[in-house]
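> In case you want the letters, here they are:
There are 4 protein chains.
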Amino acid sequence: MDFQISEDTQTILELINEFVDKELLPLEQDFLHRPWDELMPTLAAKREMVKQMELWAPLHPKEYGGVGLGLVDYGLVCEALARSPLGVFVFGCQAPDAGNIEILIKYGTPEQKEKYLKPLIAGDIRSCFSMTEPEQPGSNPVLMDTTAVKEGGDYVINGHKWFTSSADGASFAIVMAVTNPEAPRHLRASMIIVPTDTPGFNLVRNIPVMGHVGSGWHSHGEILYQSCRVPQANLLGPEGHGFVIAQERLGPGRIHHCMRWIGICNRALEMMCHQALTREISPGQRLADKQIIQAWIAESAAEMRAARLMVLNCAWRIEHYGQKEARQDISLIKFYTAGVMQRVLDRAVQAHGGLGVTDDTVLASWYRGERSARIYDGVDEVHKVSVARRILKQYAAEHGLA
Amino acid sequence: MDFQISEDTQTILELINEFVDKELLPLEQDFLHRPWDELMPTLAAKREMVKQMELWAPLHPKEYGGVGLGLVDYGLVCEALARSPLGVFVFGCQAPDAGNIEILIKYGTPEQKEKYLKPLIAGDIRSCFSMTEPEQPGSNPVLMDTTAVKEGGDYVINGHKWFTSSADGASFAIVMAVTNPEAPRHLRASMIIVPTDTPGFNLVRNIPVMGHVGSGWHSHGEILYQSCRVPQANLLGPEGHGFVIAQERLGPGRIHHCMRWIGICNRALEMMCHQALTREISPGQRLADKQIIQAWIAESAAEMRAARLMVLNCAWRIEHYGQKEARQDISLIKFYTAGVMQRVLDRAVQAHGGLGVTDDTVLASWYRGERSARIYDGVDEVHKVSVARRILKQYAAEHGLA
Amino acid sequence: MDFQISEDTQTILELINEFVDKELLPLEQDFLHRPWDELMPTLAAKREMVKQMELWAPLHPKEYGGVGLGLVDYGLVCEALARSPLGVFVFGCQAPDAGNIEILIKYGTPEQKEKYLKPLIAGDIRSCFSMTEPEQPGSNPVLMDTTAVKEGGDYVINGHKWFTSSADGASFAIVMAVTNPEAPRHLRASMIIVPTDTPGFNLVRNIPVMGHVGSGWHSHGEILYQSCRVPQANLLGPEGHGFVIAQERLGPGRIHHCMRWIGICNRALEMMCHQALTREISPGQRLADKQIIQAWIAESAAEMRAARLMVLNCAWRIEHYGQKEARQDISLIKFYTAGVMQRVLDRAVQAHGGLGVTDDTVLASWYRGERSARIYDGVDEVHKVSVARRILKQYAAEHGLA
Amino acid sequence: MDFQISEDTQTILELINEFVDKELLPLEQDFLHRPWDELMPTLAAKREMVKQMELWAPLHPKEYGGVGLGLVDYGLVCEALARSPLGVFVFGCQAPDAGNIEILIKYGTPEQKEKYLKPLIAGDIRSCFSMTEPEQPGSNPVLMDTTAVKEGGDYVINGHKWFTSSADGASFAIVMAVTNPEAPRHLRASMIIVPTDTPGFNLVRNIPVMGHVGSGWHSHGEILYQSCRVPQANLLGPEGHGFVIAQERLGPGRIHHCMRWIGICNRALEMMCHQALTREISPGQRLADKQIIQAWIAESAAEMRAARLMVLNCAWRIEHYGQKEARQDISLIKFYTAGVMQRVLDRAVQAHGGLGVTDDTVLASWYRGERSARIYDGVDEVHKVSVARRILKQYAAEHGLA
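So the sequence lines, in the order shown, correspond to chains A, B, C and D. For the first sequence, position 27 matches number 27 in UniProt numbering, and the numbering has no gaps at all. For the second sequence, position 93 matches number 93 in UniProt numbering, and the numbering has no gaps at all. For the third sequence, position 197 matches number 197 in UniProt numbering, and the numbering has no gaps at all. For the fourth sequence, position 241 matches number 241 in UniProt numbering, and the numbering has no gaps at all.
Read the hints as simulated data drawn from the structure, not as lab findings. From the three backbone atoms N, C-alpha and C, an ideal C-beta is built for every residue, glycine too.
As a list, the in silico DSSO-like pairs of lysine-lysine whose alpha-carbon atoms are at most 27 Å apart:
| hint | chain 1 | residue 1 | chain 2 | residue 2 |
| --- | --- | --- | --- | --- |
| 1 | D | Lys290 | A | Lys324 |
| 2 | A | Lys393 | D | Lys290 |
| 3 | A | Lys118 | A | Lys62 |
| 4 | B | Lys290 | D | Lys290 |
| 5 | D | Lys393 | C | Lys290 |
| 6 | B | Lys393 | C | Lys22 |
| 7 | A | Lys290 | B | Lys393 |
| 8 | C | Lys290 | A | Lys290 |
| 9 | A | Lys393 | D | Lys22 |
Residues on chain D that point at chain C, a partial pick, calculated with CB under 7 Å:
| hint | residue |
| --- | --- |
| 10 | Gly138 |
| 11 | Ile207 |
| 12 | Pro208 |
| 13 | His212 |
| 14 | Ile281 |
| 15 | Ser282 |
| 16 | Thr358 |
| 17 | Glu381 |
One chain only, chain A, in its complex shape (with noise of 0.2 Å):
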C-alpha cells in the first residue's frame, strides 16, 4: 500500500489552489447574484488562462486536447477545483459535458466527434444530458415513458424531461428514448443526438430549484419533445445500449462528483475556522475557544477524511480492476459522501450564524443546492438497498445459504 500522490500532480494540484484563490474566489459573489450570461465573458478570460497552463481539460485524453489524468489523479483535481463552484466549467470539466465527451470519445462517429466532440471539447460549446422523466422515478432507469420511433430516414421523439442540467443555452442535447419497446427492459432505449434548434425540442422551463431558477450551465432543464425529427445518424453507440452507455458513465461521473463534495466540504472547513477565530462571542471569548464548535470541526475533519479515502480508493479501483468489479464500491461512496457534505455544510452554516443563512457567503447555496447530492445519479436509499443485497448475496453464496 502506499498513500503517495506523485510529484506530478502534486504540481498540478498546487498551481489549481493558487488559481482557485487569486482567480475565482474573487468572482464569488458574481456567480451567487448575476445571471450566467453576464459572466461568461470575464469567465471566457479565465479559461484562456488554464488553457495557457496546459491545464484544460484535465479529465480527457491527450490527443483530444486534454490533460489525460487517470481517474485518482483527475479526481484529486477535482477536490481542488470544488473549492470553487466556478472550478471545474472554469477547467473544462465540467458536467454533464465530460460525462458527454466521455460517450462521443468512445462511441461518436466520424461525423460526430467533428460535429459534436470537436467544440464541446474545446470548450465553445455547451450539451446537456436528457435522460430523467418526472412521471418516473429516477430510481428505477429502465421505466421510460419517452419514445424515439422511425420514420423515414429519422428519428421522431415524443417525451417529457426534467432535470436536463445546463439545458439552457447548450447546443445539443443526448437524449434518451425507447427504440425497442419489445426488447428487455434494459435494452429498450438508445442515446440519440438532438440539436437544441431542433423543432420539437422545447425548453418549457429552468426548474426553479431551492429557490434558485438559475440560467445557462447553472440551470436544470424541463424539456418537452414534441414530434421532434433528428437523422438517424444521429444516434449515438448501438441501438438499444442506452442504458448499457449509461451505466459506463456512472462509475466515474461519482467519482468526479464525489471528489468535487470533498472539495466543497474542504471549503467550508475553512470557512468554519475563519469564522471561529475572528468572531468574538463575548469580550475575549472567539467562537474557536468553545467546545461545542470544535467538535463539530474535529467530527468534520474525520468524516471528510474518511470520504476522501474511500473515494480515492474507489477511484483506484476502477482504473486497476474496471467499473463492473467496482460497482458496490461506487454506491458505497455515493451515499456515504453525499452525507458527510450535508452534515459538514450544515455545521458550516450553523457556525457562522444569520450570516450563514445569508447569500453573503457561499455556504447557504451549497446547503440548499447540494441537498441534491443525496437525490440524483439514484437516491441514497436505493444504493443501500442495492449494496445490502449484493453482500447478502455474496454471504450466502459463500455458507451455501441461497
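Knowing the structure of chain A, use the given hints to seat chains B, C and D on it.
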C-alpha cells in the same frame, strides 16, 4: 392532568383547517413564485373573510379587536395556520407585528396606541423590529453598537441592523438602540418607534437568504440608521428597559414559532404520505410499501408528537406560572422543536426525490427558509449551554456542591 | 388542557422519592454484586415498611389490597420508583407479576384468585409469564410452536420458551400454548397456569444476558415444557383467547416500562450532574464547565421531557379512550422512549469515563441490561412499521387513495 | 497511490482467516463462560500451532522471534485476528504485552531484556501496564498521584491504580510513578518494572466491568502500591521520561486497537448477514428481505470501509513520517473508529433480537466490553478537542490570524 382540548378551541381549529385547505393552499404556488405586492389584493380579500368569521387576530385581546385566546389555545391555532406559509398573515397574527402589538399594548402611550397600534392590529399597516446587528453576535444581545443620542427633544439614531424582517413596506420600526451607555449592560438600550419614512432610515437591501431575496412581508431587511431623528415621545416603555421588554416578547414568541414549526411538520408529513401512496417505484410497488419510508414516517410522527406536547406544556406553564418560571422550558422547546422540524423536512424532501428539491412544492422553500429556526432567537447551542448551566446550578444547590 | 399533577399524587411521589433515597439507593451495590437470595431478607423488611406506609401495590385495586391508582398517576409512581432498580419490587408492582395480577383479576376463576392471585398480590410468592420462544420471532407472536393438548381432564404442554423473566423461584407460570391449531392464527393459543413444581416444567437455565446470569426475580429463564400436565381448570380466560388477553396486558405494561425508563434517565442525569460538578479535569476546571458535557445534559433534558409528556399523554388516552384507541400512541412511546433511554445512558457512561464502565455505579448495569428495551415487547422496528402503516392507511382513507 | 496489499501479506491473511475459523471460533462459548485458567491448556496448544506455522508474534522483530511485519501489514493481521476475541492472544500479540514488548526492546537494559523481554515475547509469562489512576482524569495523564521515592538503591512506590489490564496472573507490571515531582509536568514520571510478587504490590480486585469480573488475561486490575520496593535497576528508560515513552507506545497501539475494532465489525456484519438470511419473520419472508436491515448492512459496510482506510492510511503515515507527524491522524482514527464499532455492534445486536442480548453469541460481550473503546487511550471528546485546536492553529498560522 387533562390533555383534552376545549370544545370551543376545537371548533375554531376545525374552521381554520377548512379555511387553510380551501382558501390558502391554492395560493401556495403564487406565494412561492410571485412578488408580495402581486399577492396583496388576494390576501386582503382572504383577510376580510377571516374578519367576517370573527377569527381575526386570534392572539390579541378582545378589547383591541382580537379573539383573545390564551397561550395554549393560540398555540394550537398557530399549528393549524402553519400548514400554509400564508396562514398567520391572513389571520392577522404574523411576526413581527404580533410581538410589536404585544409591546404596544403593554407599554404604548395613548398617542402611540392611536397612531401605531390601532392600524397595525387592524391589518392596515405593517411594522418591523430592528434589533440584530451584523457586527455583533445575536447570541449575546447586550452587545449592541447602535446608539440613540438625545438632541433637543429628539433621539438621533445611528447604527447598522440586519434581519429586520418585513421592513420592506413597513410603516414603522421598533428600534433597539443604546440610550444609556454608562448603565449596567442590561439597562443600556431602549425601544424607540421610528417611522420608516423618517430621513436617515435607509433600507439598504432585502438580504438574500438561502437564495430568496423576497419582498414585502416576506423579506429580511438590512437597515442603516444615519442620523435618523425622531421625537423623544417615540420612546416605547421606560428608557433603558429595551432588553427587559425584548425578553418579555421572546417567551410567547417562541411558543408561536414552535407551534408554527409543528404545523409545518404536519403538512410535510401529509405530503410525505401522499407521495408514498401515489409514487409507483416499480410495477405494483408504491413507495409506501417500503420499510425505509415507513421508518421515516414513524420517526417523524414520534418526534412531532413529542415536540408538540413539550411546547403545549411550556405554553401552559407560561400561562400558569409566568414566563420567568418557564425560562428553562422555553429554551428546551426552542432547540428541540427546531431540530425536529429540520429532520422532518429533510425526510419529506428526500421522499419526494427530484420533485422535493424543486419549488414545485412548498417543501424546498421550508427546507431552506426554516433552516434559520436553529439560529434566530438565540442559536440552539446557546440555549443548550444555558439549560445545562441551570440544571447544574440547581443540582449543586440541592446537593451542597456549589 | 391541564398539566397539573394532583396534590394527592404529589404527596405520594414525595414519600416515594424520600424512601428511594434513604432506603433503596444504599442497597444498590448489594443488588449489583450479590445473589438475589441474599438480598431477600432486607428487601422483605423494606416491603414491610412500604405496607406500613400504605403504599404497597400502588397499581392494584383497593379491594385487592393495593392503592388503586389510575394509569397516569401510577405512571408517575413508576418514574419515581425507577431511580432504584429495586423500586418496583419493594413496592409490590414489579413485572412480570404486575401484569399477571391484572390478568388474574380480570379472568381468574374464584379458585384461581384464591390460590394464585391472593398470595401474589400480597408479595408472598412470585410468578412468571412464559410466551417468547427461541425459534420464533418475538415480533410476530402468532407464530408459536408450544402446544397444549387435552388429555383426560388435563392439558399436556410441550414446548420451548425463553425470556421467561423471573422464572427462577417463581411459584407458577402463565404459559401461552396453542390449544386450537385449526383456529384462525390469532385464536389458536390459550393462557394456562402452570405451577413451577409440575413435573415436565424444566427451568433449563437462567439465560446469561449481557454478561448477567442473574438469579431469583432478577433473571430470565429458559424453560422446556416436556409433557407437562396440568388440570384444564388451570385455563386462564377463554380458550383460544391467549393473544387477546396478552394484548390487553401489553398496553398498560408499556406505560409502566416507559415511565420506568424515564425514571432511569432521571437518575442517570443526576449522576451525570454529580460527576460533572465533582470531577476536576485540570486545576480549577471541572467537567461541568465544558460545553460538550453541557450539550449532553441539555439534550438529555429535552429528550427526557419530550418522552415523559408523550408517555403521560398516552396513559391519559388509555384511561379516557381505552387501549384500542391508543394503539398508535403505545407503539410511538415504546420506540421513542427506549431510544431516549439508550442515548441518555450512553452519555452518562461516557461522562463518567473509566468509572462509567465499571460496576461501581449502577450505570453500566443499566447500559447493558436496558439495551433489551429496544427489543422486548416488539422490536422498535416492528412498531415503526405498524405506526407508519396506520398513518398511511388513515391518510389514504381520508384522501380517497385506498 | 496504490491500495494493493502485497502477496506475502495476502498469504498470511488467508492462513490466519482459516486458522481463526477452524481453531478459534469453536472456542468462543468457552471464552464467554469459563474462567481463564480453564482455557489456558487449550490456548497453549493453539499457540504451539501458530509457532509451527511461523506466524507467532507477527508484530515483533525477527531477531526477537517474531515475524517483523510493518505497521500497515500488522494492522491487517490485527483485523483478521480480531474476528475472534482470542485471536491476538493466541498469536502472541495481545495487549498489554505487545506494547510492553516494544518498550522493552527500545529501552530495556540487557538484564531487563533477558529477565523480562525474552520470556514475555515467547509467551511464557504475561505482563501488565499500570498507569491509570481512579482519582485522576485519564484524559490528562500528567495528573498523577503515584510516587516512586529513592531509598538506598531502591524505588519505594506508593499509589493507587486501576484498569491495569491483565494484572491477574501477570509476572510483572510496568508502573508509571512520579520520580521527579519538581520537574516540568511532562517530565515528572518514570516507568519502573515491578514484579507482581513484590511485597506491597496488592491486586485489590479484578474490577467488574460491564458485569464482567474476568480473570487471567481477560481482566482489569485495581492495584494498591503500598511501600512497594524494587531496585533502581528496574527503571525502564531514562528517569522522568515516562510520558515520552508512553506516548511512543500509544501511536502504534491505536493502530492495533483500531484494526482490531474493524475486525470485530467484520465479524458482527457477518453475523448480521447470517441472522438476516436465516431468520424467517413470517412465512416466506426472511429478515434479509426487509429494507431496514438492508439499510443497516449498507451503512455498516460504508462506515467500516471508511474507518479501515483511515486507519491504514494512518499506519502508513506513521511508517513513513513517524508518529509525531501522524498525531492528528492518530486522534482522528481513535474516535472515528470507536464510534463506527459502537454503531455496527448496536445494529448487529438489534438484528438478532432477543438472541442478541444473550451471551449465546459473542455480540453482547463485545457490545458491553468494547463500550470502553470510546473511553480508554483518551476519551473521544479529548481527542476531538485536540484535533480541532490543531486545525484551528494551523489555519490561523496560514492566514495570519494567530
